[in-house]
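Listed here are the chains, written in short residue letters.
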Amino acid sequence: MCCADVAQAYVEAHASWSEANTRPSLKRDYSAFVQSLEDGLQRVELAVEGVRCAACMKAIESATTPLPGVMKARLNFSTRRLAVEWRGAELDVNRIIETLDTIGFKAHPFDPRRRDDAEAREMKRLIRALAVAGFASMNVMLMAVSVWAGNVSDITPETRDFFHWVQAVIALPAAAYAGRPFYENAIRGLVAGRITMDFPITLGVVLTLIMSIVETALSAEHAYFDGAIMLLFFLLIGRVLDQTMRRRTRTLAENLSALRSERAARIAPDGTVRDVPVSAIDPGDRVLVRPGERVPVDGIIESGRSELDQSLVTGETKLVGAGPGDRVYGGALNAAGALTVRVTAATAGTVLDEVERLMSRALEAKSKALVLADHATRLYIPLVHAAAVLTLAGWLVGGAGWHASVLVAVAVLIVTCPCALGLAIPAVQVVAAGALFREGVLLNSGDALERLAAVDTVVFDKTGTLTRPEPTLAGGPYDPAVLDRASRLALSSRHPMASALCASLDRKEPYPSAQEAAGLGVRAVVDGVELRLGSPRFCGAEVEAQAALAVDPEASVICFRAGDGAPAAFLVRQALREDAAETVAGLRMAGYRVMILSGDRSAAVASAANALGIQDWRAEVTPQDKIAVIEALKAEGRRVLMVGDGINDAPALAAADVSLSPVTAAHISQAAADGLFMGARLAPVAVALAVGVRARRLMVQNLWFSALYNVAAVPLAAAGLITPLIAALAMSGSSVAVTANALRARLSAGPSRRSERSSLKPVPALS
Amino acid sequence: MDVLVYMIPIALLLGCTGLCAFLWALRSGQYDDIDGAEHRVLLDE
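Sequence order for the protein chains is A and B.
Going by our numbering, 72 is the number at position 64 of the first sequence; the sequence numbering is gapless.
Going by our numbering, 1216 is the number at position 31 of the second sequence; the sequence numbering is gapless.
Since the hints were made in silico from the structure, they are not lab data.
There's no promise every hint is true.
As the list claims (entries may be wrong) - Quick list of the computed label-pair ranges, beta carbon to beta carbon:
id: 1; chain 1: A; residue 1: 227; chain 2: B; residue 2: 1187; range: 35 to 45 Å
id: 2; chain 1: B; residue 1: 1187; chain 2: A; residue 2: 49; range: 50 to 60 Å
id: 3; chain 1: B; residue 1: 1209; chain 2: A; residue 2: 734; range: 55 to 65 Å
id: 4; chain 1: B; residue 1: 1205; chain 2: A; residue 2: 60; range: 30 to 40 Å
id: 5; chain 1: B; residue 1: 1205; chain 2: A; residue 2: 131; range: 42 to 52 Å
id: 6; chain 1: A; residue 1: 61; chain 2: B; residue 2: 1187; range: 33 to 43 Å
id: 7; chain 1: A; residue 1: 199; chain 2: B; residue 2: 1219; range: 34 to 44 Å
id: 8; chain 1: B; residue 1: 1191; chain 2: A; residue 2: 157; range: 36 to 46 Å
id: 9; chain 1: B; residue 1: 1205; chain 2: A; residue 2: 646; range: 48 to 58 Å
id: 10; chain 1: A; residue 1: 40; chain 2: B; residue 2: 1212; range: 27 to 37 Å
Quick caveat, the model's predicted, so the values are computed rather than measured.
Glycine included, every Cβ here is placed at the ideal spot set by N, Cα and C.
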């Protein structure tokens, strides 16, 4: 059986599109990826592409284990990562990657500096706390049930006291350990002057435990150890769910960045060129950028001339010329000649610096926005505490003694435990995020769901968002035989336009004799005939090129000629995503206002807007303008979803109420966006909106349910009618009800799985 | 009911053993690859 891990498949499809695979091979220096462990062991982690089933796992492990010095090679199937530990200098990372390559798997090492161990530790800590709380609550509950049963039959006071003391012995250390995440957060919040949800939890647990010990010492009939410990158990489930969701997204994002293989070819002072991870590049280093590669870091061109595709930086699709002294930005695609770039730190006044400044300001404003859970906390804390204080006062005034009054007031605190409230939102978030994950959308934050639900305006960037990130073949129809030969020749070229031709090819066999003519194109001699693919001048096809461009002035042209035969000119352009029109129409039908904000030229934006039926568009906007438009929309009271991929979109992504990026987006944009969507289709955007609406409805239902539960329980508790048995039933009953309701978010909205699968296949470039 | 005085500690001790086993399993990475474990069962080493 092969697993249908759709998300992973998207990641790999993207990686194989990326420039990494077209790179000329170069001796790579992976030393930055290797961790030295104690006693001379070395360890590397690699993200492996193409792992589908158990057989792959076995093949990979049995190929790497016999390598010299390997102590351990283990593939983690959940994360698609291979960990190799070895001893001695005989083995290096290159050898491991080559070995995997010979059995058909591509592997990319992880940069250990990028890994965030803090979150992994937090997850382990929560799970340990959950285990302890689970164990304790089960055992305490066993004792408690015996006491409840005994209270209505023939238990002797001595036996009851003994049972209560046993409960105390289990519950006190367990609560001290398992409740630490809550106590610490509550104290941290108080120190910072905020009252968070952890405060009532801590107060409730501590008061309940103290009261139970006092009651036990007084040999009373009821003790509430089970309530306190069960409260912790349920709340920890909520926390673990929350953490699981974040972790899953992060693992995949980390694999993605390793698969994109962010490396740079550093030129050492002695002139040798080595591939090193981008994180090992310092300002002042010189890097080589070959044709077909992306510029890895910001810098200034020292030598070489080329044309750059800056679409990821500015949204502009036309190639721009660049020469010595020009500034280049990480993410620009080098189309023609090799460049030597001197790396500079992001300095004041550059595009990137401006973008980062705008972005951090926008993100700061966003973090202050209140989400549903905050509103719930704000209402919950004063109401519950007021209810407890009023109960205490009421009973004291009514003539009951201090002992009885405190008992009843604490019962109010126990029964209003925020169990259901603590689960109401994370449970829905996890289930809905899981449903979105299967549709190819990864959310960075759980509260993005409720912000998606509020959206009424969708703003798209054009280049790379509405259009496919890579150029595709346009125009036509072309003679299939000519197209086939041109495409096979294109396989030998690293020019980005050539990749548009390759996409239409079924058989990926390059011509063995193909040679690249720098800056001009590729040529090959097949059956005595010279085939040429490249610029119009290279192929002597200026006339055909002019004629083709007259049809579609926005496109670029790539020419092909076999011997002295008639030349052919192919039009290549940024095509719209195949379902862009359908998705936009669907969004408009659903009542969303749709807009385009693009950094590209007017003519290009106008034609895309026309094709999609969008009247509302702006072209040639700067990052500042984008933010201004978004803020203006927000000032009108609109809730904005921004979808964009370029560096120039990053501030707008941060400023919008909620934002999505395609996985092909620039780094800074991925970091600014609330979620990523994968694949060649735009439909995930509509699905995310639909799931958001559904998730918010379920969250609100859950919150109402918790509120109603409290409305019913508080008067009972205040009247002194709550026994530990009723408290336990109410607590677990409400938590189960809320969780069951959250599971309904699984019933996924949007297109079926089948249509999603089909998008995995290469989309035919001829349309 | 004197039997409870030693039966309950024994029961708790057994429960504790289970908890410790779980914590050990967690620490030694048994839960790091839940998807892989189901396939690994079928592989002959």
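The hints, checked one at a time:
As the Cβ distance of residue 227(A) to residue 1187(B) is approximately 19 Å, the hint placing it in 35 to 45 Å is violated. Remark: the range hint 50 to 60 Å for residue 1187(B) to residue 49(A) is upheld by a beta-carbon distance near 56 Å. For the pair residue 1209(B) and residue 734(A), the beta carbons lie near 38 Å from each other, so the given range of 55 to 65 Å is not met. In this structure the hint that residue 1205(B) and residue 60(A) lie 30 to 40 Å apart at CB holds, the actual value being about 37 Å.
Range check, residue 1205(B) to residue 131(A): about 20 Å between beta-carbon atoms, so the 42 to 52 Å window is missed. A hinted range of 33 to 43 Å is violated for the C-beta pair residue 61(A) and residue 1187(B), which are about 59 Å apart. Range check, residue 199(A) to residue 1219(B): about 38 Å between beta-carbon atoms, so the 34 to 44 Å window is met. For the pair residue 1191(B) and residue 157(A), the supplied restraint of 36 to 46 Å is violated, since their beta-carbon distance comes to about 21 Å.
Here the CB-CB span from residue 1205(B) to residue 646(A) is close to 56 Å, well matched to the stated 48 to 58 Å. For the hinted restraint 27 to 37 Å between residue 40(A) and residue 1212(B), the CB-CB distance of approximately 29 Å keeps it satisfied.
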